[in-house]
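2 protein chains.
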Amino acid sequence: MNIGIFDSGIGGLTVFKEIDKSFPKANLYYIGDTARVPYGNKSEETIIRYSLELSEFLVKNFKVDVIVVACNTASSYAVDKIKNYLKIPVIDVITPGVLTAVTTTKNGKIGVIGTQATIRSKSYEKKLKELNPDFEVYSNACPLFVPLVEEGKIKGKITRLIIEDYLKNLVEKDIDTLILGCTHYPLLKEEISSLYPDINIVDSSALISDFIKKLNIFNEKNGERRVFITDSSPSFETLKNLLIPHLKFEKIDLNQICTL
Amino acid sequence: MNIGIFDSGIGGLTVFKEIDKSFPKANLYYIGDTARVPYGNKSEETIIRYSLELSEFLVKNFKVDVIVVACNTASSYAVDKIKNYLKIPVIDVITPGVLTAVTTTKNGKIGVIGTQATIRSKSYEKKLKELNPDFEVYSNACPLFVPLVEEGKIKGKITRLIIEDYLKNLVEKDIDTLILGCTHYPLLKEEISSLYPDINIVDSSALISDFIKKLNIFNEKNGERRVFITDSSPSFETLKNLLIPHLKFEKIDLNQICTL
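If you're matching them up, the sequences are chains E and P in order. Just so you know, we're using the numbering used here here: the first sequence kicks off at 1 and counts up by one. Just so you know, we're using the numbering used here here: the second sequence kicks off at 1001 and counts up by one.
These aren't lab readings, by the way, just hints derived from the structure by calculation. Glycine included, every Cβ here is placed at the ideal spot set by N, Cα and C. It cannot be assumed that every hint is accurate.
Some chain P residues judged to face chain E by a derived CB distance under 7 Å, without partners named [to be verified]:
(1) P1143
(2) P1147
(3) E1151
(4) T1159
(5) R1160
(6) L1161
(7) I1162
(8) S1232
(9) S1233
Covered by chain P, per the in silico footprint, the following chain E stretches (three or more residues, Cβ under 8 Å) [as the list claims (entries may be wrong)]:
(10) 27-37
(11) 158-171
(12) 224-233
In isolation and in its complexed conformation, chain E is listed as follows (with noise of 0.2 Å):
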């Protein structure tokens, strides 16, 4: 069993982590587009050509019997285009999120806080809604969190000031859960946790390999894993360090993939 896995950058080395855990013997390739990240400022098209470029990168180079797109941007737009251009399993990372949430919401308030692309596609709004029309869904763009991340700045002031800022509007909405929705925003779930203990925080990446695994797949032997990014840089180092310190980033060229 070949697991392909791509992201925009490094963020969704947090979904990879979970399928190494989950599946020790299917072999997994991840590629990261650290030559064009982010996704979450550009606009459709663009999102859905780059993630059609590395998911035939991933199937032509290791016959991927799946893809999981572990960025909720392109999640938000290219899965459907991935399935039918590639005719193969594609599972996104917002289907998991939003059935967590049902479960976990009580006064049918949830919030989505994710990049301007995945905020602007509606797509956890669309869900949610067809799962329940009387759930009410409020969302909100956070573009500063993925920056803060990447450097590291996960706590401290800054930061709860920056959350209450992007969160003030949802929270005085009385929500009672918040759905993470970008693979960054995991490493922000402590300050979010202690400026708002009782919302419930629903972050996809965690319940991901649940779904791989109703695909009834099986493994055969130990599988290898390899993580390739489309360029090098000392900034990409820190997240994956605090990741997978044991992986090494495999560098490719951009025109091994630029193909569309």
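Starting from the known structure of chain E, fit chain P onto it as the hints suggest.
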């Protein structure tokens, strides 16, 4: 006279605006690589490659006589490469800032702030020390400034706290001059000045026109202005409307420039 201007995104429109004012008769062609923005967290190799691609696009399509690198990160790594590759004059945004700082400082203690890649390159430090080895140069990367500006958070408590967080080490060194080594940072000038009224703030983009004049290329007739981007997204419109509301973005496909 055709002037080509490029930037990783739309921050370089601050430079475009200056040249627009000073050279009404020149033709101006700007390209912002919004599909791959930002450059400040990318590697030297990738920054050089993208810069050559954008320069080639300007030369091939608009036969520009001079290229202005309206991006400190690209100016830090790619200027000599572009000159060698295209054999035309190339103006960077670093030299004007350096020459102004040299005439401004009284105590010889100069601060430099910029993206991670700009600060890592030590481009400002090297040029300042070439002019006077006795200068004390203190620098700091400020990765949150670009997203702050792009979100329009150019004033307020959070912005002031982040400014203080990044500048406290430089201020402790008793700098009397601070170079804003990124085209986004002039938009934070007001808050920086109000926090540190005794420090002279040097903004490269304001002086770039003087450097073009020195090239002694004359104009003949009223010039056209065209502004290209490699990706269009609502988030790019805010800054554009602030700077050049009368001009429209023209979207071009990355394939048209993705040649190297």
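Quick rundown of the hints versus the structure:
no., hint, verdict
1, P1143, "5 Å, holds"
2, P1147, "5 Å, holds"
3, E1151, "5 Å, holds"
4, T1159, "10 Å, violated"
5, R1160, "10 Å, violated"
6, L1161, "5 Å, holds"
7, I1162, "6 Å, holds"
8, S1232, "5 Å, holds"
9, S1233, "5 Å, holds"
10, 27-37, "holds (count 4)"
11, 158-171, "holds (count 4)"
12, 224-233, "holds (count 3)"
Violation of the numbered hints given earlier is confined to hints 4, 5; the remaining hints are satisfied by the structure.
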